[in-house]
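**Student:** Spelled out, the chains give:
There are 2 protein chains.
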Amino acid sequence: MKSVFFISDRTGITTESLGNALLTQFGSVDFRREVMPFVDTVHKADQAIMKINNHYMHEGIRPIVFTSIINPEIRNKFKLNYVCYMDFFESFIPALEEEIGQQASLAIGQSHGISDEGKYYKRIDAIDYSLYNDDGVTSKNFDEADVILIGVSRVGKTPTCLYLAINYGIKAANYPLAETDLKHDKLPKALVPHHGKLFGLTIDVDRLHFIRTNRLPNTEYAKISTCTSEIAAAEHIMQVYDIPYLNTSRRSIEEIAVAIMQSINLHRKF
Amino acid sequence: MKSVFFISDRTGITTESLGNALLTQFGSVDFRREVMPFVDTVHKADQAIMKINNHYMHEGIRPIVFTSIINPEIRNKFKLNYVCYMDFFESFIPALEEEIGQQASLAIGQSHGISDEGKYYKRIDAIDYSLYNDDGVTSKNFDEADVILIGVSRVGKTPTCLYLAINYGIKAANYPLAETDLKHDKLPKALVPHHGKLFGLTIDVDRLHFIRTNRLPNTEYAKISTCTSEIAAAEHIMQVYDIPYLNTSRRSIEEIAVAIMQSINLHRKF
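These protein sequences, in sequence, are chains A and B. Residues in the first sequence are numbered consecutively from 329, following this note's numbering. Residues in the second sequence are numbered consecutively from 329, following this note's numbering.
Honestly, the hints are just simulated from the structure, not real lab data. Don't take each hint at face value.
A pair counts as met if it fits within one copy or between any two copies, since identical chains are not told apart.
[As the list claims (entries may be wrong)] Keeping only pairs whose Cα atoms sit at most 25 Å apart, straight-line, the calculated DMTMM-like set for lysine to aspartate or glutamate is:
#1 468 <-> 368
#2 379 <-> 418
#3 447 <-> 583
#4 517 <-> 563
#5 551 <-> 445
#6 525 <-> 362
#7 330 <-> 418
#8 447 <-> 534
#9 551 <-> 456
#10 407 <-> 387
#11 511 <-> 532
#12 450 <-> 532
#13 447 <-> 362
#14 514 <-> 401
#15 330 <-> 426
Using the sequences plus the hints, can you model the full thing?
**Tutor:** Pasting the structure below:
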């Protein structure tokens, strides 16, 4: 088992995410991962190095160290002869400096959207919006929506809406296609005026059956036959009304969210 | 204005995030940004290049192209003589191959946690949990919580809980410290058995006043004096009961979430 450290002067979210994407290329190897955020002083770097050194001493295997640290004095401390060192800033900043014709400011960035207060409130607003307009509890704010997700119960509408709101500041409402909607084979009235904002989610029958069984075992709701007919009716509505839709079965929340944005041309709001 | 393209064979989330972190080092430059996700065929690469070329023709300025594309045939298409090209995979994969002693699989990764179904359900479970245990509506599931956030109304508890659930699969409940709790200067009874899981959020008075005024202008709730006394009482409880706490005023949701995880030693669940 090889130890991997993700070290950042900020949250480490980007460092971890790119580091993990690189490690998936070596799927058969067993990695032990550790994120070390907020390493923004020489003292904290020394503490982190002590930990890394401990692992190396115990395991006898060179750890991999992914870093993204702006300050060269702090960053350079991690260039240890017993680690495989990769820095996500150092590798690109010089070429960018040359391209842009300007020196990097070396200020620790605020890349997660706190720098601009207006943008911050947009984000909080979108989260509030998605919470208050979840699960079709009300349709009176649909005018405000950037997107309205439709689909059967447990297809993945709520997690997708929350993800869109939190990570992109998009006001995402959702409306469950329930038994009565599906029986009438018609787009619910509340949705008709908002046709251009609708996006459908669908799912494989076996997966929906599994998810619903997990939630409410031995119910009409979870039966294969119910799942089959609900999915067919929902997809039929989406097709008849020409609503773009996506199967969520083998997709992560991230992939669903980005595919929706691409499909109906939505962009980050902060 | 310089055009910047973030091109990925998957969602582009990591590519955009690292690219933006690099660009914050050149704060005075005005960039026009565009994310191009799911560029996973030669045909889609050609379409993307047409768009990039169009921008270059109109603007006469070399665009910056950040990519993270596994397939070399697709990736190499973007090495155009009229762009500043930076690839986040190519720069690190060779060194990792040497370090690990294995060739990269070149399979498009599933780094957002869909690969393992068990992990996927953990994530959905955590989102459900945080939704159902928001705003102190019930305390009967606190046993299940990984963390319980406390603080005055509008300090940032709900967005933080949702972020922890969605991005880390952490079951995060929250409990608002309301007038009655604050008046009695005691930790609410429902929280006492869960002391080890508590984390407090606090905020600057002027910021809370601004946020509450935005929400409910001209109310007792939004008054500076109310904000001042509520924050003082809440911080007093956190101090007396030795509950770790953090000021959310100048922090992004990401920073708050990661700082909480670091403080009470929580780790990613998926």
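**Student:** All the hints need checking, so say for each whether the structure fits it.
**Tutor:** Taking the hints in turn, this is what the structure says about them:
1. 468 <-> 368: Neither way: residue 468 and residue 368 sit 47 Å apart in one copy and 40 Å across, limit 25 Å.
2. 379 <-> 418: Classified as within: same-chain Cα gap 23 Å, cross-chain 29 Å, threshold 25 Å.
3. 447 <-> 583: both (24 Å within a copy, 16 Å between copies)
4. 517 <-> 563: within (17 Å within a copy, 49 Å between copies)
5. 551 <-> 445: Close across copies (21 Å), not inside one copy (48 Å); limit 25 Å.
6. 525 <-> 362: This pair counts as between: shortest inter-copy Cα distance 22 Å, intra-copy 41 Å.
7. 330 <-> 418: both (24 Å within a copy, 22 Å between copies)
8. 447 <-> 534: Answer is between: at 18 Å across copies they meet the 25 Å cutoff, but 41 Å inside does not.
9. 551 <-> 456: between (34 Å within a copy, 22 Å between copies)
10. 407 <-> 387: within (19 Å within a copy, 41 Å between copies)
11. 511 <-> 532: within (20 Å within a copy, 53 Å between copies)
12. 450 <-> 532: between (35 Å within a copy, 20 Å between copies)
13. 447 <-> 362: For residue 447 and residue 362, only the inter-copy Cα distance (18 Å) is at most 25 Å; the intra-copy one is 31 Å.
14. 514 <-> 401: neither (64 Å within a copy, 46 Å between copies)
15. 330 <-> 426: Answer is between; shortest inter-copy Cα gap is 14 Å, intra-copy 36 Å.
In this structure, the hints that do not hold are numbers 1, 14, in rising order.
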